[in-house]
Amino acid sequence: MAISTSSSTAAALAADLLEDLPALTGTLVERLQRAEETYLESQLLTLEQLSAACTENLSSILTVLAGRGRVRIDVARATGRLKAEQAIPLPALLRAYRLGGQLIWEQMLDGSRGVSPVELLDVPGRLWAAIDTYSDAAVEGYREAEILLTHADAEARALLGRTVFDDHSDNPTAIIDAMRALGLPERASYVVVCAEGSESRPATATATAGRLQSKGITSVWDARPDGYLGLICGRYDADIESALTELGAVFDQRVGVSGPFSMPIEIARAVDEARLARRSVPPGGAGLSRYGSLTLALLLVRSPDTAREVAVRTLGPLLNLPDDEREEMLATLEAWFECDGSTAATAGRLHFHRNTVLYRLRKIRDLTGKSVDKPVDATELYLALRAVQLLGDPRV
0 MAISTSSSTA
10 AALAADLLED
20 LPALTGTLVE
30 RLQRAEETYL
40 ESQLLTLEQL
50 SAACTENLSS
60 ILTVLAGRGR
70 VRIDVARATG
80 RLKAEQAIPL
90 PALLRAYRLG
100 GQLIWEQMLD
110 GSRGVSPVEL
120 LDVPGRLWAA
130 IDTYSDAAVE
140 GYREAEILLT
150 HADAEARALL
160 GRTVFDDHSD
170 NPTAIIDAMR
180 ALGLPERASY
190 VVVCAEGSES
200 RPATATATAG
210 RLQSKGITSV
220 WDARPDGYLG
230 LICGRYDADI
240 ESALTELGAV
250 FDQRVGVSGP
260 FSMPIEIARA
270 VDEARLARRS
280 VPPGGAGLSR
290 YGSLTLALLL
300 VRSPDTAREV
310 AVRTLGPLLN
320 LPDDEREEML
330 ATLEAWFECD
340 GSTAATAGRL
350 HFHRNTVLYR
360 LRKIRDLTGK
370 SVDKPVDATE
380 LYLALRAVQL
390 LGDPRV
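Note that numbering that gives the first Met the number 0 numbers the sequence shown so that position 350 is 349, with each residue one more than the last.
I should point out that these hints are in silico values taken from the structure, not numbers from a laboratory.
Take these hints with a grain of salt, some might be off.
To be verified - What follows is a set of in silico ranges between Cβ atoms, one per label pair, in the way DEER data are often shown:
{"no.": "1", "residue 1": "Asp121", "residue 2": "Gly25", "range": "26 to 36 Å"}
{"no.": "2", "residue 1": "Met262", "residue 2": "Asn354", "range": "51 to 61 Å"}
{"no.": "3", "residue 1": "Ser341", "residue 2": "Pro321", "range": "40 to 50 Å"}
{"no.": "4", "residue 1": "Ala344", "residue 2": "Ser241", "range": "55 to 65 Å"}
{"no.": "5", "residue 1": "Asp322", "residue 2": "Leu148", "range": "29 to 39 Å"}
{"no.": "6", "residue 1": "Asp73", "residue 2": "Asp121", "range": "26 to 36 Å"}
{"no.": "7", "residue 1": "Tyr235", "residue 2": "Val375", "range": "39 to 49 Å"}
{"no.": "8", "residue 1": "Gly209", "residue 2": "Ala237", "range": "31 to 41 Å"}
{"no.": "9", "residue 1": "Glu47", "residue 2": "Leu120", "range": "30 to 40 Å"}
Please read all numbers here as calculations on a predicted model, not as lab measurements.
The beta carbon of each residue, even a glycine, is placed where N, CA and C say it ideally should be.
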C-alpha cells in the first residue's frame, strides 16, 4: 500500500521530525497517559511496550510522509494485537492514533516557519490519510487478537469445566481450584444434571448456561460423548427447581438429576447419580428423572448384567416369540401392572375385550411358568419387564 507523498514540503517537515524521534515519542507517551486512564491503570501494558509501539508507529508514518518508504501495516496490526492482548479498549487505541496525528501536525507547524501557507495546504490531507490507514490496520489487528483471545478463553473454560466433573478424589484441591477459576462458590445448593442431546433440538453448553444465567442461575456445562453434564448452582433449593424446569425447553430427551449436595467434593458421586437417574428412563423416552426418587429402576441400572439375566430366566420362551407377538405380550403385561391388576381397566386401556386380556395373561403364564395372580410371580414378572424396558432385549 502506498500514500502519495509528492509534496516536497510534507517530505521535508517529516524528515526533520524523524531526526528528533525520541523526544517526539516521549511527548506522545505523556499525552496518552494524561488523556487515557486505561494506559495508567493497565496491569499488563508496560511503559516500555507503550513507548516502543509509539516509536514504531511514529517512525513508520513519518517515513512514509518523508517519501522514504511504503506504508507498513504490519506495524499497525502488531500494535492493535498488543493493545487487545493487554486489555486496552479499542477506543483508546484509536484515540492514540488521533493524538499521534495531532502531535505530528503541531510539530510540522512549528518547523514550518518561513514556509508559505500555500505550500502547507496539502500537508494535513497527506498526514491524516496516513493516520487513517494505520488506524484501520490497527483495528484489524485488534479484532484478530480479540477472536483468538475469545477462543482461548472458551477453551480454558471448557478445560475447567471438564476438571469440575472428573473424579479428583485423590486430589480434591483440583476441583476447588477449578470452581474458584469459574467464579463458583465453594458452598451452595448444587445438583448435577446428565442430559441427552438431540439433532432436532441441538443444545450447547454455552447456550444452556446463558439461558439459566438470564434467570439468575449459575451453571457449568460440559459436552460428553453420552450427552451433557451440568453443574447447577443455586443460593436456595428454589433456584435448583427453577433451573430444572427451564431445562425442559433445552433438552427433549432423557434427563437425570443427582441428589442435592452442598460441597464440591461430592461432585464425582453426583455425576454417577445423575447418569444412573438418566438411565432409569427407557431409551427413546423423554422426561426428567431424579436420583432421590429411584427404587427398583436404580437396582436394575446399577447391575445391568444381573438384570438382563433375571429377565431371560423369568420371561424365557416369551422373548423368543415373533416380534409383533412378543410386543403384544409385553404391552399387555405392562398395562396390567399400570392398572393395578384390574383386568377390566387393562382391557379399557388397550381397547380390547376383557377375554382377550385374560387369554394373553394365561399365555404369559404358560410361556413363563409365572402367574400374575401370585404375588411372588407378579413381582418377578414386573422386575423382568422393567429390565427389558430399561436395558433392551436381554438376548442381544
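Hints, one by one, checked against the model:
no.: 1; hint: Asp121 - Gly25: 26 to 36 Å; in the structure: 29 Å, holds
no.: 2; hint: Met262 - Asn354: 51 to 61 Å; in the structure: 59 Å, holds
no.: 3; hint: Ser341 - Pro321: 40 to 50 Å; in the structure: 28 Å, violated
no.: 4; hint: Ala344 - Ser241: 55 to 65 Å; in the structure: 37 Å, violated
no.: 5; hint: Asp322 - Leu148: 29 to 39 Å; in the structure: 57 Å, violated
no.: 6; hint: Asp73 - Asp121: 26 to 36 Å; in the structure: 27 Å, holds
no.: 7; hint: Tyr235 - Val375: 39 to 49 Å; in the structure: 45 Å, holds
no.: 8; hint: Gly209 - Ala237: 31 to 41 Å; in the structure: 21 Å, violated
no.: 9; hint: Glu47 - Leu120: 30 to 40 Å; in the structure: 39 Å, holds
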